[in-house]
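Start from the sequences and build out the full structure, keeping to the hints where you can.
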Amino acid sequence: GSCDLLCSQNYPLYIRSVPTENELKFHYTVHTSLDVVDEKISAMGKALVDQRELYLGLLYPTEDYKVYGYVTNSKVKFVMVVDSSNTALRDNEIRSMFRKLHNSYTDIMCNPFYNPGDRIHSRAFDTMVNSMMMQVC
Amino acid sequence: MSVPDYMQCAEDHQTLLVVVQPVGIVPEESFFRIYKRISAVSQVNVRDSQRVLYIRYRHHYPPENNEWGDFQTHRKVVGLITITECSSAKEWPQTFEKFHLQKEMYGSTLYDSRLFVFGLQGEIAEQPRTDVAFYPSYDECETVEKRIEDFIESLFIVLESKRLDRATDKSGDKIPLLCVPFEKKDFVGLDTDSRHYKKRCQGRMRKHVGDLCLQAGMLQDSLVHYHMAVELLRSVNDFLWLGAALEGLCSASVIYHYPGGTGGKVGSRRAQGGSLSAEAGNRHRPGKDAISILFCALTSNGINADTSAEIGRAKNCLSPEDIIEKYKEAISYYGKYKNAGVIELEACVKAVRVLAMQKRSMEASEFLQNAVYINLRQLSEEEKIQRYSILSELYERIGFHRKSAFFKRIAAMQCAAPSIPEPGWRACYKLLLETLPGYSLSLDPQDFSKGTHRGWAAVQMRLLHELVYASRRMGNPALCVRHLSFLLQTMLDFLSDQEKKDVTQSLESYTAKCPGTMEVITLPDGLKLPPVPFTKLPIVKSVKLLNLPTSLRPHKMKSLLGQNVSTKSPFIYSPIIAHSRGEERNKKIDFQWVQADVCEVQLMVYNPMPFELRVENMGLLTTGVEFESLPAALSLPAESGLYPVTLVGVPQTTGHITVNGYHTSVFGVFSDCLLDNLPGVKTNGCTVEVIPALPRLQISTSLPRSAHTLQPSSGDEISTNVSVQLYNGETQQLIIKLENIGTEPLEKLEVTAKTVNTKEKLYGDFLTWNLEDTLCQFPLKPGKIATFIVNIKVKLDFSCQENLLQDLSDDGISVSGLPLSSPFRQVVKPRVETKPLNPQESSKVGDFSHVKTLEAILNFKYSGGPGHAEGYYRNLALGLHVEVEPSVFFTRISTLPATSTRQCHLLLDVFNSTEHELTISARNNEDLILHAGECQRMAIQVDKFNFESFPESPTDGAQLANAKQLEEERQQARGLEINSKLDIWEASVEGVLNQLVLEHLQLAPLQWGEEANLLKDVCDANPVAGVGTDLMESSVAAACAGQAKSWDRTLISFDAALLLSIAKLS
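Listed in order, the protein sequences are those of chains V and S. Under the numbering used here, the first residue of the first sequence carries the number 1, and numbering increases by one thereafter. Under the numbering used here, the first residue of the second sequence carries the number 1, and numbering increases by one thereafter.
Calculated directly from the structure, the hints in this document are not laboratory data. Since the structure is predicted, the reported quantities are computational estimates derived from the model, not experimental observations. A portion of the hints provided could be inaccurate.
[What the hints assert, rightly or not] Restricting the straight-line Cα-Cα distance to at most 30 Å, the calculated cross-link-like pairs of lysine-lysine (DSS-like) are: (1) V/Lys40 - S/Lys162; (2) S/Lys359 - V/Lys66; (3) S/Lys198 - S/Lys184; (4) S/Lys36 - S/Lys430; (5) S/Lys336 - V/Lys66; (6) V/Lys40 - S/Lys328; (7) V/Lys75 - S/Lys359; (8) S/Lys556 - S/Lys146; (9) S/Lys162 - S/Lys146; (10) V/Lys25 - S/Lys430; (11) V/Lys25 - S/Lys501.
Take a look at the structure:
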């Protein structure tokens, strides 16, 4: 699985993938999934910003992976790529994982030493993501 | 059916397929010229009806696709146009034979065919034939279009007859079963009489008629037929044909809703009617359905055989949403058949095009996703490329640029797949270039100069690597170097240490063959690749223009300076300062550079690489002035800290020079780095004035150079320091060689001296010279040497110390009345020894051996050449450091009346503070030998001072001061005379002594003079004759016999002059 965090300008803030040897593939997957994220966001329209659902759901399924998306109100995108064979993961689990990620991201943003838009180098965030991935894989 | 046509779109269903092919030898160029003209005739308004016929031309069509013609009639080749060249009548039968052979290839489906013969003239050509047209040449064939229109009309007639034939073929109970090639064997032995079978036949035929109607321009009829076909086929679960019927329905609806076409071929399609296109523009919007229904009813007045004009026929037309639903359904049916993969794929493509029109990207992407997974038979590499390319294009169309780039990249990789015997690196490269926007990557390094790079570095780097590889395999090393430089420059922050090493290694190996340049590379397709300057190898942190060294700095002459204060503003002061954005960079520097002199710019550089960085040919880029840059090579250690680098150059002309940047050669890539493009470079300004050339003066002296530097408080910066050690009273000549080492003649020279840092009281002129002797050698040509002589005279205080003199003055009273009480020979112990006895005193006085220092600066202001004309000069300063060692001291002075009343004896206690034996010579006296540290009294007979000789008789202190002045003048005159007479180095010193004595012995003013010559050879010691008409004076010459080993001076003389004022005893 892979977990990525992208900023509103659509460049990565944080990428973590397991296993690491095929990282580039995840990069490509996440990169292309952004098309769908963009499309979904623009489809939602501006009127619904307030009450809109942050969870974008399944972005698209590939042969091997399922790609899920989540977008914050400040247009920070979370993309999660999980193995297709992993059927234990339901929509609800994915949703709660995204919420956890979002909370951690909010913590990072609260750090006065973090410049929004910079790559994330946070031990707390790392451990959170690690534990989440351990749980999934 | 194996070859998909990825370019298909829904409206192709209404076209008639015509194949245009050459026969025999037809030049490709000529063929395509004719082909182009033929294919321009793509729509024909059929005579006597409002219907429009659309023609699709192909110059190549696989016959196996033709076999699916019954399934979807637009796949059927109905017309064949053959183009041939025939020069003589003899060849004609052969040519005609070939035409027939060609016809047979598509024979089963052809409605009609034409042969265009070029080049044949004469009898045969004059026969009027319908199926053959003769043209004398490719240029003389004006009637081609007309011929084609006629041909299409004939096709229409056949089509129309077929349509009517099939459509009315209701009564006949035997409806043939239409089938696709792979079905044929399935139906062998089936009960042809069953209801099921009949229904199947009916359904398929309905569908077929729908196709024909659509082709014949009868949209509404086709819709009705398709609906009926759908009903029939659904009931018998004939899925493949049900799918086709649904797709037909979709196609007809799409044609109806989007008269502009979905294929993206703008303007290629004419609207079916003027009024229609205006209406149709709004048609597909929901809510306008009422109008569309009405409109359908109005326009569908074409010939309809069995479908009577029902009211509300337009209901048959699918709504835009339904089109997609039906497409989905059709595709799902196609999906059930492996052999219909191409049909399914094409349906997907068509649906995507429609969705793109509807701006429903998400659904379109689902269709595309499905298309990706349609497995056709083993595709050839070329087909794979085509497939990926079209996927990319479709993704682009729905706005999925990243996905588009992804597939384009795969297509590019496919072009150069290892399985291909001749990889198409060129095509691969071209496709890769097209992916750049999708990965938000531009090949202009300027776009990366703004702060930190933010993007998909890993993916972008991969793409750049692939570009590098493709361009290398293409055999374009310059391109390869450009891409690799770009990769290194822009992705430096993301490269690991190992990658940095690898990239630079490969870059070096490429540049060995083709060095990287600063030229824009223009690709054949017009794309321009801007040069990639290595602004990060090394990283430059600051640029500082350096002033010339002090000795070479030009100065403006004072008189001209006033004029030079520019009158830019009429106001002397204005609070309004013109602020400009580029002020930082453009600010002028307050020093000047000189033409033809080496000028320096200091850069602080940093090597970000994990290995040693060799920068070659690093030089300055300038504008404004012709500048000869002298490049430097440097080697920066791995991840060095800030490292200063000085770049030098010589301005060749005058004016204002601006340093714009620097050029380097790193890893074989030449870079011109402009400061404007470098973020965060600190400068002190980049523009400096270059003034005309000035001569350069180098001085060398007879004295040793000194490490001793003058105190900075002196204000001047000294280029050379010399030092000399002299005894008090000694004179030495300093010979200075002035060499013009520049290229301009040295025309002017001014010498000034400044004594600095003197706590000591100095008597007489410390430094004297005669400039005329030197100036007569001027102007000094380049390379020539002139000499300049400076006399150094050290005349410091010869008195011992004040308190001793105080003692003496006490004695002085007794002196006048009492015989000399002090012994003639008296050894005075050095003060050092008396220190413990009289510490208070010693602290005030200091010891005799104390070395005093004199410092002076000789300033040589010189000018010449064009710089002189402009009013500039240079200043060269020579620091002179003189250490004055004490020689003799006069410890006591007193007088004794002599035999003559006009004369008296002057008694002097002379103390030798040196370590050498001295001989003191005085006029009319025998030489006195003084051992080191010895003190002796000597008496000199002097003439009494004639007080009345003064112009104004002194009665008060002011007059005394006058007298003193006069005496000093005399003393000077005397010194000069002595100098010229004896030609010895002289150091004149007037002691404080005379004043003190003057003060004490006010009543007895007396001038006393002593000259002491310290000579190695005592015999040479001439007593110096003191000349004074109205003064009583005497000279004492002291000669020193050099006994010490270190005594290497051959001739040292000193002249100690003491002034005493002796009052007349009256």
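Hints violated by the structure (numbers, ascending): 1, 8
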